[in-house]
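> Sequence:
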Amino acid sequence: MPFFKLAPVLTFIAVFTMPVSSQAKNLSPQPVQCTGQLFNGKAKYNEELSGIKCFAQGGGQASCFVVADEKKGLQQLTISQSKSGYLSCSPGPILAKKKGLSCLKGKKSERDFEAIASDGTALFITGSWGNRRKKTVVPSPERWALIKQKLRGVEGVSGKCQRVKRKDLIALLKNASHSQESGGIAKFIDAPLQCGGLNIEGLAFQNGKLFFGLRSPSFFSIGGAWVLSARTVPLFDGDIAGASVQRHTLNFKVEGQAVKGVGIRGLEPLGKHQMLVVTGPAGVSNEKINSSGQELIRSKCGMSPFYRNEKVGTPFALWIWTPKTGRLQHLGNIAGQYGQQKLESVSVISQENKKLSLILSFDSVNNDEMSPLAQLIVNLP
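Residues are numbered in our numbering as their position in the sequence shown, beginning at 1, plus a constant of 61.
Just so you know, these hints were derived from the structure itself, not from any lab. Fair warning: there could be bad hints in the mix.
[Claimed, not checked] Below 30 Å or equal to it, Euclidean Cα-Cα: the simulated BS3-like pairs (lysine-lysine) are:
no.: 1; residue 1: Lys-333; residue 2: Lys-416
no.: 2; residue 1: Lys-248; residue 2: Lys-226
no.: 3; residue 1: Lys-103; residue 2: Lys-248
no.: 4; residue 1: Lys-221; residue 2: Lys-235
no.: 5; residue 1: Lys-86; residue 2: Lys-349
no.: 6; residue 1: Lys-211; residue 2: Lys-235
no.: 7; residue 1: Lys-416; residue 2: Lys-144
no.: 8; residue 1: Lys-415; residue 2: Lys-144
no.: 9; residue 1: Lys-228; residue 2: Lys-196
no.: 10; residue 1: Lys-270; residue 2: Lys-226
no.: 11; residue 1: Lys-248; residue 2: Lys-349
no.: 12; residue 1: Lys-226; residue 2: Lys-196
no.: 13; residue 1: Lys-314; residue 2: Lys-221
[Unchecked claim] Simulated DEER-style distance windows between Cβ atoms:
no.: 14; residue 1: Lys-105; residue 2: Ser-353; range: 18 to 28 Å
no.: 15; residue 1: Thr-386; residue 2: Gly-102; range: 41 to 51 Å
no.: 16; residue 1: Ala-247; residue 2: Lys-314; range: 26 to 36 Å
no.: 17; residue 1: Ser-353; residue 2: Asn-414; range: 48 to 58 Å
no.: 18; residue 1: Ser-282; residue 2: Ala-247; range: 17 to 27 Å
no.: 19; residue 1: Lys-211; residue 2: Arg-359; range: 24 to 34 Å
no.: 20; residue 1: Lys-235; residue 2: Gly-387; range: 22 to 32 Å
no.: 21; residue 1: Asn-427; residue 2: Lys-226; range: 35 to 45 Å
no.: 22; residue 1: Lys-103; residue 2: Pro-202; range: 22 to 32 Å
no.: 23; residue 1: Gln-318; residue 2: Val-294; range: 24 to 34 Å
Cβ atoms here follow ideal geometry from the backbone N, Cα and C, with glycine treated the same way.
Let the hints inform the model, and build the full structure from the sequences given.
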């Protein structure tokens with residue numbers, strides 16, 4: 062079929078009758094039931110969802126793509142909306158598993174897919190660019206993935222993907238460190254996440270740029286986190302200077318109080334001038350780390366500018382960010398049956414005036430007990 066550019070937001074005629082979460086502190090997502098388990102029920106994939114991106118398909122449906130970290134999985138699925146406004150999903154083709162996409166060479170078990178975005182003609186997928194989180198916690202070059210994969214309308218992907226080289230990504234980070242702000246990001250390359258090492262978990266495309274949300278490093282004690290933005294075309298052409306990387310500092314506060322230990326876990330464009338931001342704990346536990354990994358953490362965390370990046374009970378939350386002005390608005394914290402789950406990403410399904418319908422993906426969810434996908438409807442401020 063002829064290629065067409067996918068629309069980023071669905072417009073549904075149906076009137077929503079399900080409960081709407083207002084701008085109260087708590088947001089209670091509702092499960093999206095699927096006709097089958099994602100990735101054919103393989104636990105390493107369907108319980109490790111790290112991102113979702115949806116597009117209009119017409120007829121009250123959306124074509125979506127989900128990625129799984131750890132084992133670099135990519136699957137297409139269809140989201141349908143009932144007349145009452147509830148969502149359901151039907152798993153589609155598995156587009157990548159095990160060896161990943163065509164531009165990823167080598168058999169690496171830990172090349173992760175952390176987030177997914179799109180400009181309507183292609184998918185963008187990023188790895189964490191960070192160290193292993195368990196066992197040895199050593200640098201993991203295979204996690205330095207940034208991929209562009211062309212789309213073939215609602216039929217899936219087309220052709221070979223394109224990958225940005227690791228040396229170019231490192232150069233990008235070094236350029237981002239050349240600013241008036243202290244604590245350059247490049248200093249945190251190849252450091253354990255337990256010591257504030259580099260870790261990317263959010264990705265979005267807006268106005269010709271890719272935005273990268275950093276879980277770590279962060280301004281741990283004062284509720285600050287970083288987003289990087291870079292022009293997409295020069296970046297994939299290898300023109301790092303032309304990518305004009307910018308560093309944005311986001312300060313997360315609720316009722317004037319800093320959200321300590323916060324890191325960015327997901328990004329999603331909201332129109333042309335705003336963005337949804339998923340936040341959660343920047344910190345990580347010291348579980349499942351061997352003796353050499355523990356020794357590396359002890360030695361590294363005690364060196365400046367590193368710090369103990371520990372979990373401190375930071376809630377998962379949704380925000381609206383205006384990049385041009387830096388304004389942040391707190392939509393609320395995730396509560397209800399998903400309140401204790403790890404929110405990894407959000408994608409806009411539809412918007413009617415100030416009523417926004419979202420689909421959320423959660424990591425480490427036991428699919429036999431609950432869906433890793435959930436629906437949330439919010440009223441924008």
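> Going back to the hint list, which numbers does this structure go against?
3, 5, 13, 19 and 23
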